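Protein chains: 2
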Amino acid sequence: MTLILGIDPGSRITGYGVVRDSGRSCEYVASGCIRTGTGSMPERLQMVFRGVREVIETYGPVTMGIEQVFMARNPDSALKLGQARGVAIVAGIEAGLDIAEYTATQVKQAIAGSGGADKEQVQMMVMHLLKLVQKPQIDASDALAIALCHAHHRQSLIPHGLVAAKRRGGRLRL
Amino acid sequence: MTLILGIDPGSRITGYGVVRDSGRSCEYVASGCIRTGTGSMPERLQMVFRGVREVIETYGPVTMGIEQVFMARNPDSALKLGQARGVAIVAGIEAGLDIAEYTATQVKQAIAGSGGADKEQVQMMVMHLLKLVQKPQIDASDALAIALCHAHHRQSLIPHGLVAAKRRGGRLRL
Chain R
4 MTLILGIDPG
14 SRITGYGVVR
24 DSGRSCEYVA
34 SGCIRTGTGS
44 MPERLQMVFR
54 GVREVIETYG
64 PVTMGIEQVF
74 MARNPDSALK
84 LGQARGVAIV
94 AGIEAGLDIA
104 EYTATQVKQA
114 IAGSGGADKE
124 QVQMMVMHLL
134 KLVQKPQIDA
144 SDALAIALCH
154 AHHRQSLIPH
164 GLVAAKRRGG
174 RLRL
Chain S
4 MTLILGIDPG
14 SRITGYGVVR
24 DSGRSCEYVA
34 SGCIRTGTGS
44 MPERLQMVFR
54 GVREVIETYG
64 PVTMGIEQVF
74 MARNPDSALK
84 LGQARGVAIV
94 AGIEAGLDIA
104 EYTATQVKQA
114 IAGSGGADKE
124 QVQMMVMHLL
134 KLVQKPQIDA
144 SDALAIALCH
154 AHHRQSLIPH
164 GLVAAKRRGG
174 RLRL
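Sequences listed follow chains R and S, in order.
Take any residue in the first sequence, count from 1 to its spot, add 3: that is its number in our numbering.
Take any residue in the second sequence, count from 1 to its spot, add 3: that is its number in our numbering.
Derived by calculation from the structure, the hints in this document are not laboratory data.
Remember, predicted model here, so these are calculated numbers, not experimental data.
Please note that a few of the clues may not be correct.
According to the in silico footprint, chain S covers these stretches of chain R (three or more CB under 8 Å from chain S) [said to hold, decoys possible]:
hint	region
1	81–87
2	90–97
Per label pair, the in silico range of CB-to-CB distance [claimed, not checked]:
hint	chain 1	residue 1	chain 2	residue 2	range
3	R	Thr106	S	Ser25	47 to 53 Å
4	R	Glu123	S	Arg76	43 to 49 Å
5	S	Asp121	R	Gly26	57 to 63 Å
6	R	Ser25	S	Gly63	46 to 52 Å
7	R	Asp121	S	Gly118	41 to 47 Å
By construction, the Cβ of each residue, glycine as well, lies at the ideal position given by its N, Cα and C atoms.
Make the full structure from the sequences, and use the hints.
Below is the structure:
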């Protein structure tokens, strides 16, 4: 049993998702959003830092997945996203978690079986895989998708898991 | 007497500079670089976080200035710079420092009297203003320039300081 944290960072809303990975399947533990409100930029970054730290203290995950961002719209939004992302990563590493990055394509591939899946499809698959009856907020759902992707890739590192994952076309073994 | 920290963040090298502001002049206290080496990205961000925290613990500044970045070359470098910048800011705010941002133009204006001054001119003025006999490393020098700019703007908030600053064309009262 491994508790896995997924983080979808943003300067306004940072989504988080926690899943319990038994090695054969993943269960939903928690998800939500850290909303940074209307304070100054340093205050908002502190809210991301403290929010991620609080999630870690509350649920005790040992490893964290975060989306690797390539294609921010412009340098200004990339800088703001980078700030929130750096802060979330440091909150994780300072709490002793190991951290892995995944591209959006890797996340979609792991969850929906196709790197070209749209946001809606990913959200539906997250609900299906974690047996959720309510649709999570989109940033929380994205964070759960990243946590599931991280669980999938961790399993793939185990030789048997790798074979099984390959046999199922890279989709999550759930 | 106020101890002021200036930070010039970067994903590879983060410069820091500490000056003591007496209200009438600034003295050099310390400066240097946090080099993040060749570890993973989360490890490098942790080095920035711990490095800034260590500088704060060592010298005890109460306020921090950091450069506001507008024109990163491209989204990818903006994201990397943002990560380091966010981490440096959180290290400061978590240590209880208040944080102010300055544009490159504001820094140049405060130090060299012209927003169009080049890096060399700023470095020479930093050496002159702080009576340094050796040229500091460029990132350390930039961080000292930001600290001096922050001292200048803090003084400007005092009514007398504002008048004096205006009379001297916005240059540092040193």
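**Study point:** Numbered hints the structure breaks, given as an ascending list
**Key:** As far as the earlier hints go, only 4 is violated by this structure.
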